[in-house]
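Place chain D on chain E using the hints.
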Amino acid sequence: MLNEQSKALKGELTEAVERKIVRVSQVTKTFKLGKVDVQALKGVDLDILAGRYVSIMGPSGSGKSTLFNMIGGLDKPSSGKVFIDEVDIAQLDAYELAWLRCRKIGYIFQTFNLIQVMTALENVTLPMIFGGMGNEAAIDKGMELLDLVGLGDRYQHKPFELSGGQQQRVAVARALANNPAIILADEPTGNLDLNTGEEIIALLKNLSWERKVTVISATHDIKMLNVSDQVIWIRDGRIEKIEEREDLTISVGSVGERW
Amino acid sequence: MSKHTSNKVDKQSSEPVERQVVLPFKQSLAISFKQIRVRFFRSLITTLSLVLAISFLSFVRVSNDVANGLLSTGDPDFRRQLIRAGYDLGPEDVRAETNPKQRWIVILSILVCVVGIVNAQLMAVTERFREIGTMKCLGALDRFILRLFLLEAGMQGVVGAMAGALIGGFFSLLNSVIRFGNASLTHVLLSDVFFSMAFATGVGFFLSLAGVFYPAIIAARMQPVEAMRAEH
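Chains as they are written, first to last, in the numbering used here: chain E, 1 to 259; chain D, 260 to 491.
Okay, chain E solo, but in the shape it has when bound:
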């Protein structure tokens, strides 16, 4: 216990000993398309530290989504290993994988993917119910989370009664339901206009800051770069470069010029 506490303390003091929440080692992934094998990932090594805001950038077809699904425990590598919180996801059975998805990871999707027949509150409480929380407690926490994302007064609305930005906020609240260690956001601003997109980015950034949640997002969105602690550029199934926050201001400048 003491040991853990001191570890946590050290982690806060120096980033160098921070915990690796995601570790990807020598991962390849091959898809069969008819008779042709397509290698989407050609040996990726990657460490993501806990509590950071990481963006994965890359053109479509670069293997970005494949890597992203791998990190999210949605897909298994053809070779190599993916560790989430030091657990090899290839070793998990269906139950453990479901538990991991439920408790450790929160997902945010480009298309929001709220369950259409449920109200905002029910959408947020669903993962808590899967996680074994009682109904009352889940409702309390669900309301608290909806308040946090600024939708406390719209808890009874169905997804189709909410705007895109509001739906994405509900999705953020849902992702936070079980206090996950990682939030995976797949193009979270892809279906939103400029302003709402910025709001969602700010919300995610705040959450990662306040709750010490690791946010990993796959994106094309240049706005994301400003808030990222680390940007991973993927090209042609390999990591092209990894930029830390310090280097980033420069590259954002140049990116800005290019666009």
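Since the hints were derived computationally from the structure, they do not count as laboratory data.
Check each hint, because a few of them may be wrong.
[What the hints assert, rightly or not] Here are the simulated lysine-lysine pairs, DSS-like style, with alpha carbons at most 27 Å apart:
#1 K205(E) / K141(E)
#2 K293(D) / K158(E)
#3 K360(D) / K141(E)
#4 K293(D) / K141(E)
#5 K76(E) / K35(E)
#6 K205(E) / K241(E)
#7 K158(E) / K360(D)
#8 K20(E) / K32(E)
#9 K241(E) / K223(E)
Below, chain D alone, put in the same frame as chain E:
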């Protein structure tokens, strides 16, 4: 998974929480019910083929019960009327049985109905790919999905089959009254009619479950990535 990110998580998992996702039965029931309510029109159409098939089954069986009630009186008048109405009665027969032709038509209608249900449920599964994938991302197990679909079909089955049995029974009795007069109602054994309608309801419920089983298994086995990709 033994390590934890924050104190909050630590506190939670130090409680004796089993490391398994759960979906209480009451919750599944509520979700399934909601699905039916929201897709009411679609559910109605799915159920309608069941209602028709079951009402036909119920009609045939209750008509037989009425015929048996009339035969049990021993009145030769009724016997003549029944034979004129199309019952194959030998001079010695004391009970009317469903004739093979009727039986085949009932079986055919039931087959058509099952194919209809499978078709409709396959559509329902395709329509809900994304929702199923989302649920799986949130931690749903295969059997949650299976249970949701089975419950939904079960509820549709009970309602549809009961409606079918009642409609079939009602029209059968109406038909008998018109053909044989009030006597048909006074002589028929109520317990027989009840049994026939209960049988028809049971068959309908079973058919509804049988029809959804294959689509539900497809839905439950789906990998979340595939389910998400199906959209794009």
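Taken at face value, is the distance from the CA of K360(D) to the CA of K158(E) at most 27 Å?
Violated: K158(E) and K360(D) sit about 52 Å apart, past 27 Å.
Restraint check for K205(E) with K241(E), where alpha carbons must lie at most 27 Å apart:
At roughly 22 Å apart (the allowed maximum being 27 Å), K241(E) and K205(E) satisfy the hint.
Check the hint pairing K360(D) with K141(E) against an upper bound of 27 Å on the C-alpha distance.
62 Å, violated
Tell me if the straight-line CA distance from K20(E) to K32(E) falls inside 27 Å.
The hint is violated at about 32 Å.
Between K293(D) and K158(E), does the CA-CA distance stay at or below 27 Å?
12 Å, holds
Starting from K76(E), check that the Cα of K35(E) is at most 27 Å away, please.
The hint holds at about 21 Å.
Would the hint linking K205(E) and K141(E) be met if the CA-CA limit is 27 Å?
Answer holds: K205(E) to K141(E) is near 21 Å, not above 27 Å.
Just to be careful, I want the Cα atoms of K293(D) and K141(E) compared with a cutoff of 27 Å; is the pair within it?
22 Å, holds
Taken at face value, is the distance from the CA of K223(E) to the CA of K241(E) at most 27 Å?
Satisfied, since the Cα-Cα distance of roughly 19 Å is no more than 27 Å.
When each numbered hint is compared with the structure, violations occur for hints 3, 7, 8.
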